[in-house]
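We have chain A; now place chain B onto it with these hints.
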Amino acid sequence: MNKTKRKILDATLHLFNLNGLTNVRLQQIADRVGISVGNLAYHFYAKKAIVQQIDDELEELLIPIISENSSFLSLIDFDNQLARYYHLLRSYSFYFLDLLELKRAYPKLYKKREIYIQKIILQIENWFILNIERGLVKKPIRPQHYKVIAHTIWMIITFWMTQPLDKGIPEEQERIFKEVVWSQVLPYLTDVGRLEFDLMIERLLDSYNPELETKV
Amino acid sequence: MKATKQKITKAAIVRFNQSGLINVRLQQIADEAGISVGNLAYHFPNKRAIVRQIDAELEQIIEPILVDERTFSHLIDFDNQLSSYYALLNQYAFYFLDLLEIERAYPIIHIKRKKYIQRMIHQIVNWIKQHADRGTFQPEIQVNQYDILAHTIWMIITFWMTQQKVRGLKLGNEGAFKEAVWNQLLPIFTATGFMEYEAIILPQLKLVNMPEFQ
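These protein sequence lines map, in sequence, to chains A and B.
Each residue of the first sequence is one higher than the last, beginning at 1 in the numbering used here.
Each residue of the second sequence is one higher than the last, beginning at 1 in the numbering used here.
Hints are computed from structural coordinates only; laboratory data are not their basis.
Be a bit skeptical, because a hint or two may be false.
So these bits of chain A aren't anywhere near chain B, every CB distance computed over 12 Å [what the hints assert, rightly or not]:
{"id": "1", "residue": "T4"}
{"id": "2", "residue": "T22"}
{"id": "3", "residue": "L73"}
{"id": "4", "residue": "I156"}
{"id": "5", "residue": "E172"}
{"id": "6", "residue": "V192"}
In silico DSS-like cross-links for lysine-lysine, where the CA-CA straight-line distance does not exceed 30 Å [to be verified]:
{"id": "7", "chain 1": "B", "residue 1": "K178", "chain 2": "B", "residue 2": "K115"}
{"id": "8", "chain 1": "A", "residue 1": "K119", "chain 2": "B", "residue 2": "K170"}
{"id": "9", "chain 1": "A", "residue 1": "K111", "chain 2": "B", "residue 2": "K165"}
{"id": "10", "chain 1": "A", "residue 1": "K138", "chain 2": "B", "residue 2": "K115"}
{"id": "11", "chain 1": "A", "residue 1": "K112", "chain 2": "B", "residue 2": "K47"}
{"id": "12", "chain 1": "A", "residue 1": "K48", "chain 2": "B", "residue 2": "K165"}
{"id": "13", "chain 1": "B", "residue 1": "K129", "chain 2": "B", "residue 2": "K178"}
{"id": "14", "chain 1": "A", "residue 1": "K47", "chain 2": "A", "residue 2": "K5"}
{"id": "15", "chain 1": "A", "residue 1": "K48", "chain 2": "A", "residue 2": "K138"}
Glycine included, every Cβ here is placed at the ideal spot set by N, Cα and C.
So that you can see chain A by itself, here it is in the shape it has in the complex:
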């Protein structure tokens, strides 16, 4: 990709994350890059074309996350998965904020998202089920229980950035995010699962301040 194109994309992403997708005009993007709108239009004929390109790049990050099935198995994999989601949330926050504006303005682009969501929820549910077989997760308390929990985990991930929270320093935020998601899993770990958690994960989380600062 040529340099100016790259600059335009980076500038756009920055502005989208800052002001929301629908509130950014081509002029603002051009200003940030330091080029004229005419020059910008030479590279991208419309905002839509920029959005399309950014969406492609986002997919390159998202698809590997949601297609991992065979190797996505142990507790540490789950933790890594959360780290990847968190990275995505931070670099493409506009994609998670203003979801409905995105849907209204780019319905076609949005269609794909519904499929991704299905995949994310299913992947998390499968993780629970695979770990029942491995003896790390308890049998469900009632039918479909892990489906509902997987759905809640997806909600936590998706709306994490939308919460009107006072944001602390970035490292703290990731820890809080992980802690909230892990607390969805903790009650269902067997003794063996709990042991693995204490050994592998808790140490990771413990290295942070134990005081949860999800104060709003």
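What follows is chain B alone, placed relative to chain A:
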């Protein structure tokens, strides 16, 4: 309030819920109310004034839900609380969708909302802790366990409408909503608590055909 004023705010809520607060123009509200824009302007000088009026109505509904003294002696009381929230979500959907657009355009409403959120989470934590003292729920086994739990329940409530729209699901499934919230509490019941849950709450939760969980 005068009948026309009422008619206007009602119409505005319908349009806001449909298209999002930011995307609705006065003309559309007037059309929905079946009056002229001139007539509308006589009652409300601008959209901001309508929004302020709706916000005041919303306050009347939210306040009683959030009163501190509200006691939930039984699990069914919490279930009723969930019904109140669900009604609110439906009636004022726009308030729960497009949170960020509201934050950008109406900072005062946003500040009020942040206070509600605090009280709401606080109320849920207190409720869980009271019931832990009473033996319905187990004591905390994790630092901040119940703070995180209450926070998650608040997230489920607040973003319930948004997630339905985001996923392109049909709106209006109270059963799935309650299922999602109660499933948060399921692992912390004591034996006694679980009996109460099985007798009173479970019979009304039906898992059949919930597109949320397909």
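Okay, the hints, checked on the actual structure:
| no. | hint | result |
| --- | --- | --- |
| 1 | T4 | holds (30 Å) |
| 2 | T22 | violated (8 Å) |
| 3 | L73 | holds (22 Å) |
| 4 | I156 | violated (6 Å) |
| 5 | E172 | holds (14 Å) |
| 6 | V192 | holds (17 Å) |
| 7 | B:K178 to B:K115 | holds (24 Å) |
| 8 | A:K119 to B:K170 | holds (19 Å) |
| 9 | A:K111 to B:K165 | holds (12 Å) |
| 10 | A:K138 to B:K115 | violated (38 Å) |
| 11 | A:K112 to B:K47 | violated (35 Å) |
| 12 | A:K48 to B:K165 | holds (22 Å) |
| 13 | B:K129 to B:K178 | holds (20 Å) |
| 14 | A:K47 to A:K5 | holds (13 Å) |
| 15 | A:K48 to A:K138 | violated (47 Å) |
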